[in-house]
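Residue numbers (the working numbering), protein chains in the order written: chain A, 1038 to 1365; chain B, 1038 to 1365; chain C, 1038 to 1365; chain D, 1038 to 1365; chain E, 1038 to 1365.
One thing to keep in mind: the hints can contain errors.
Stated by the list, open to error - Lysine-lysine pairs mimicking DSSO-like chemistry, simulated, CA-CA at most 30 Å apart:
#: 1; chain 1: E; residue 1: LYS1156; chain 2: E; residue 2: LYS1045
#: 2; chain 1: B; residue 1: LYS1159; chain 2: C; residue 2: LYS1111
#: 3; chain 1: C; residue 1: LYS1300; chain 2: D; residue 2: LYS1205
#: 4; chain 1: E; residue 1: LYS1111; chain 2: D; residue 2: LYS1177
#: 5; chain 1: D; residue 1: LYS1177; chain 2: D; residue 2: LYS1093
#: 6; chain 1: D; residue 1: LYS1114; chain 2: C; residue 2: LYS1248
#: 7; chain 1: A; residue 1: LYS1248; chain 2: A; residue 2: LYS1050
#: 8; chain 1: A; residue 1: LYS1363; chain 2: E; residue 2: LYS1300
#: 9; chain 1: A; residue 1: LYS1171; chain 2: A; residue 2: LYS1156
#: 10; chain 1: A; residue 1: LYS1361; chain 2: E; residue 2: LYS1363
#: 11; chain 1: D; residue 1: LYS1262; chain 2: E; residue 2: LYS1093
#: 12; chain 1: D; residue 1: LYS1248; chain 2: D; residue 2: LYS1093
#: 13; chain 1: A; residue 1: LYS1262; chain 2: A; residue 2: LYS1074
#: 14; chain 1: C; residue 1: LYS1177; chain 2: C; residue 2: LYS1074
#: 15; chain 1: C; residue 1: LYS1248; chain 2: D; residue 2: LYS1248
#: 16; chain 1: B; residue 1: LYS1205; chain 2: A; residue 2: LYS1363
Please keep in mind that the hints were generated in silico from the structure rather than gathered at the bench. These figures come from a predicted structure and were not determined experimentally.
Spelled out from the first residue to the last, the chains are:
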Amino acid sequence: MQEGLKMKITAIKYSATMQRIYELESLEEILALQEEKFVLWIDITESAIEELSPLKSLFGFHPLAIEDSVQVEKRPKMDDYDEYLFVSAKTINTGEEGISTGQLSIFVCKYILITIHEKQLKGIEELKERILRKKPLLLKGKADFLLYMILDAIVDNYISVIEDFEDKMDEIDEEVLENPTVRTIETIRMLIRQIRHMHRIIRVERDVVDKLERSDTAIIKPETKIYFRDVYDHTSTLLDSVDNIQGNAEGALEVYHSSLANKMNEIMKMLTTIATIFIPLTFLAGVYGMNFRYMPELEWRWGYFTALFLMAVIGIGMVIYVRKQKWL
Amino acid sequence: MQEGLKMKITAIKYSATMQRIYELESLEEILALQEEKFVLWIDITESAIEELSPLKSLFGFHPLAIEDSVQVEKRPKMDDYDEYLFVSAKTINTGEEGISTGQLSIFVCKYILITIHEKQLKGIEELKERILRKKPLLLKGKADFLLYMILDAIVDNYISVIEDFEDKMDEIDEEVLENPTVRTIETIRMLIRQIRHMHRIIRVERDVVDKLERSDTAIIKPETKIYFRDVYDHTSTLLDSVDNIQGNAEGALEVYHSSLANKMNEIMKMLTTIATIFIPLTFLAGVYGMNFRYMPELEWRWGYFTALFLMAVIGIGMVIYVRKQKWL
Amino acid sequence: MQEGLKMKITAIKYSATMQRIYELESLEEILALQEEKFVLWIDITESAIEELSPLKSLFGFHPLAIEDSVQVEKRPKMDDYDEYLFVSAKTINTGEEGISTGQLSIFVCKYILITIHEKQLKGIEELKERILRKKPLLLKGKADFLLYMILDAIVDNYISVIEDFEDKMDEIDEEVLENPTVRTIETIRMLIRQIRHMHRIIRVERDVVDKLERSDTAIIKPETKIYFRDVYDHTSTLLDSVDNIQGNAEGALEVYHSSLANKMNEIMKMLTTIATIFIPLTFLAGVYGMNFRYMPELEWRWGYFTALFLMAVIGIGMVIYVRKQKWL
Amino acid sequence: MQEGLKMKITAIKYSATMQRIYELESLEEILALQEEKFVLWIDITESAIEELSPLKSLFGFHPLAIEDSVQVEKRPKMDDYDEYLFVSAKTINTGEEGISTGQLSIFVCKYILITIHEKQLKGIEELKERILRKKPLLLKGKADFLLYMILDAIVDNYISVIEDFEDKMDEIDEEVLENPTVRTIETIRMLIRQIRHMHRIIRVERDVVDKLERSDTAIIKPETKIYFRDVYDHTSTLLDSVDNIQGNAEGALEVYHSSLANKMNEIMKMLTTIATIFIPLTFLAGVYGMNFRYMPELEWRWGYFTALFLMAVIGIGMVIYVRKQKWL
Amino acid sequence: MQEGLKMKITAIKYSATMQRIYELESLEEILALQEEKFVLWIDITESAIEELSPLKSLFGFHPLAIEDSVQVEKRPKMDDYDEYLFVSAKTINTGEEGISTGQLSIFVCKYILITIHEKQLKGIEELKERILRKKPLLLKGKADFLLYMILDAIVDNYISVIEDFEDKMDEIDEEVLENPTVRTIETIRMLIRQIRHMHRIIRVERDVVDKLERSDTAIIKPETKIYFRDVYDHTSTLLDSVDNIQGNAEGALEVYHSSLANKMNEIMKMLTTIATIFIPLTFLAGVYGMNFRYMPELEWRWGYFTALFLMAVIGIGMVIYVRKQKWL
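Throw the hints in and build the complete structure from the sequences for me.
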């Protein structure tokens, strides 16, 4: 609205027959684009809270909702202000350093829908293109249907994140069996942490969609509600997948510990076997290594061989005992 | 509906007095078969989403429902579209490589019921045969009763899967006691994973049946509801069984770990016993094996036997001590 | 109803002033016994499903309920068919090989109550005797009060089962402290398994009683409901006891593991003590047992005693060190 | 009511202006004391079920409620019989052998309140004294306010029990760190068991108070309800404390196990260090203790010292290795 | 109200146009300050219960609420007394010795709001200053908006406490990996204990805010409710953070135990390796150290070297075996 303005405003105006895209300089230009026969989608990125204040005067949006729309640490939610809805959703992206989450705030009036987010979002950009390429299904309905399409795009994006988790889980499963270290445990714990985070986001998101479906607002038309139901079912399936990965991760922890305990058992069996067989024999050798002057056995012709034989008998006896104990 | 059509359509038209089966070439042929006094069951397999689109024009089914009917990763659900119900259920089969799940989608109108699934299902085929063999109980009622019979067949099928789990669990119970390895843990974890999956499916399925029983749709007649209640009770019993197996599997994990810890204890007792008895004796033998010029005991007439006697005393003392510690 | 009939039918007809018992040959004979001023209790054992079909024609019972009444694997439940109630309860018996459960099915009409079960049940037989012995409290009320008495008898029977569990738990508590083996763990796991089973049965049973108390059926009179409330409180107390035993069983598992870990610690302390003291000494003895020609110490007059003194010093030093570590 | 009567009946009759205490010989005497302007509190101890039967004829109390009032194993509950309330609460006392629970049954009519319990209860006696000492706050209200005061006294008593638990927990915390044994684990398990028991009692008690507050009985006046709310808040705070102690007890178990595992690690490090250093050296000494005729080293002038030097090198090398592994 | 009065009373009287602060000597002075166009905020610190009793006569506050307002161990709560609300909240501060909690009690009338707390609270003082510095947003609304601002200040304060927890958690994460001791476990347990405490407080606090938002009291105006909703969302986000820290703390415990088990494994591998290689060799050396007169090998020209060679073969064989077992 003043010079030095940094935020980017894109407007898409469409109906079943006409689709057009505009780059706006200020929020005030929106008013000129409004027309009842068209859906007007305003997409705002990189905005600061001060730059958004005209939304209050232009559309009468509540200051709290405007403030929420630029906060980054918000739970998904849906507030019904009668004249408009305020919907806040979480976007999830996987980058090099784990998953990162973003905020997508949506104001939904009857014919205008305003989306506010920090950075360009792939799902949003694809949706714009699909609208401009005249996908017939997308062009039906009003702002409520556009809201459905945006939420659907967000949830679709979750799938790829979950697939990343599944791949990581497969790697872990292998690592646990082949070369488990403390780092493996840390990786699993980190994964569980991320999965729980993911689970919480999707669950709250699902509640938002459920609330949209059940709300008695005039902005969501009855025939659109079945589409929100579809998104709801979609998120339920995702939650099942996430539960599944978490179950597997916890199972991997358990296999890790069992494997460790088993190896310890193997090691101790080996140690005990060696000790059981050779310690008594060494003692015997020690006895006949004593330097007493009068040790009759030492003088015997077959003393040495008798001793060796005795050792063999004891050694074999111990081996038999050990085998009976199933240590070998 | 065009040439190159791959999907197979079977129609069964029946009343208490007449039962007939038809192989249809296209979905359009259904209309000619419709008659108010009969129940018409259309069974569609191996269909693609495009092939099903006539369902929209012929019966007015919602595009979302048609789309759902060919998706393979869906939770069981029931949607009430007033004129018809859309029910989606999970079929479970056990094959060589664990359990596999399939999707069965059902459209229920007043006199027509349409089932859509990927492959032939044993339960469905058996049900067809039983109808054609004029089982009197089966021929009563309308499409709602047919829906009951189909859901009952699916749930019946779950039982054999659960019995497979129980057999596997018995094997594991034995393995844990006799020859436990890390692979045993993995088998148990895999079983728990499958059981949880199974549990989730049956639970959601039960919710669907519950929803059918409670729904106020005109398609389900009041006198049929008690049959859905019966399926509900049935699934509840199955859930109890599944809970039971899971409890046993978790118990087996615990027995495994206890058994491992116990064996470790046994091994360590053995090692410590051997070491406690023989290490001091070996030291004593070592002392009298030293080559000092002036070692008076070595010259004694009974030195050797005194040493042996001393060793025996120490050894027996240690054995008594060890026995008192209950290590042997 | 035909020859070759195996099932046994006992009828008890009673009011506050008259009590009589009959052995019936067929279900049809029931009709002749019906009289409005009396409560008629029909007790059927060892019946097959075909033998029970007259119940449908005679009393109009629903086929599903009749079918349920001979199934052995049913959850407790209560179905309200307006004209009559169908109640299904679980009986629990402790025999030599653990607990076994049975099924008791009850049809409750206004003046007639029909119980169906496989074998004679102690609680049922005692109740019959008490009725015939004119216990005044028991003779009041109609079929609804008889239903209360039967359910009360079943729940009373649970108590002895729970007491058996408590006895077993006491034995386990002792065993865990005195002579724990892997078998102990198995016994505990088996007990937990049975307790969970028991818990589930009592919980569902309680729901049935709760449903009876809350139902608006005409068969249960308002003044009888407080008696069902009493049974409900009773089952709640039982559930507390069962929870208690389960908590104790899980605690015993924990004590077992702690005890095992403690013993392991003791054993390792012993081993390490012995090894720490004697291995260095044995090495020293070994050194002076070497056969080098030039070993000046060997020639010393007091070499041997110096070595012995040195060994004593090292040995005592090690003992002091070990004591400081609190291993002895 | 007849001779040989064992039960003790105390009656307290009070209003804001007059307070008097009576010792009654029989329940029938109560009727003479009844007066509308006064609250009449009857306190009965050491009664048998037969002695209480006049309550039925005198006040019309339900037989089930009278029976409940002398049963010792009852969950707290509140039954509304329109003309009167039956409230059953648990009293908890700490004695030498752990906590013991008692039963306090209360019948609340409009002007009469009857308490039945086995033994004298400190809280009840104190309340009597406070009434007789004319504490103004206590004298306001009718039987409903007296009920509040009694329940408040019971809940107050719980606090001291919880404080006992907290003291015990402090002792355990110290014991776990300083001198943990298997007995410590048993003490903790016993404490957890008692805490769970306590938790269950308080929770059910709270439900009773909640039910009293929400009930629409005419006996509880609207202005008294806020006092029951206060007792409710009180029990909620107690539940938090109990949760807290349980969390600490479970934490102590964990610290115990960690401490045990840590000590085991220390012991094994010591053993391995000793073995790693001395076993190879002993072997070397053994080699030069062999009696082969041709062992050139033995003849060397500096053979012995070379061997000693070699041993020193190996020994120091092992110490360095062990230090690098952080075992010392 | 009398001499010797210790409590401090501050009054802030403000509207959009006028703000003034007063130090009061007694509660009675409040009446003179009341004016309908202004909001009057009374802040009372360091008061005893007796000093607060005028609140009853001046404003008609219920004795139970006044009593609650000076109790230190209270759960957050909200009681609606029609004419006024009583809100009780927990303040949390981090000091040197862990977190400490305080009590903030609030009476909310239409134009008067009274806060009672033990010590000065930073959030409260800051809010006063902001009001006196004429922050426009703060000056709008009545006592209900002031209540929102106070609750918001309290919740804001929680954030810094949670950040402290997060810092501590980071330290622990490092400690667990680098230098874990039993003290680490204790630190983690202590943190978990504090987090649970925190969680409980925030959760109950959130319930209070929710109750405020949903209440139909005339004191909270509809347009203010959205602000309470905002506080509610805020606390939900905090709960998520707290859950997160707890998950991490529990993960750290697990990493700790895995790390300990891994180290034990390493140590035992070392011990077993040394024992496996050298114990058999030592035995062999012992054999040839025996003093039998007739031991042919001893006389052989190459006997010694043959023995050495044999030992080398056995030693290398053992090393290969051990390597195959992956112990080195």
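If any of the earlier hints don't hold here, list their numbers in rising order.
none
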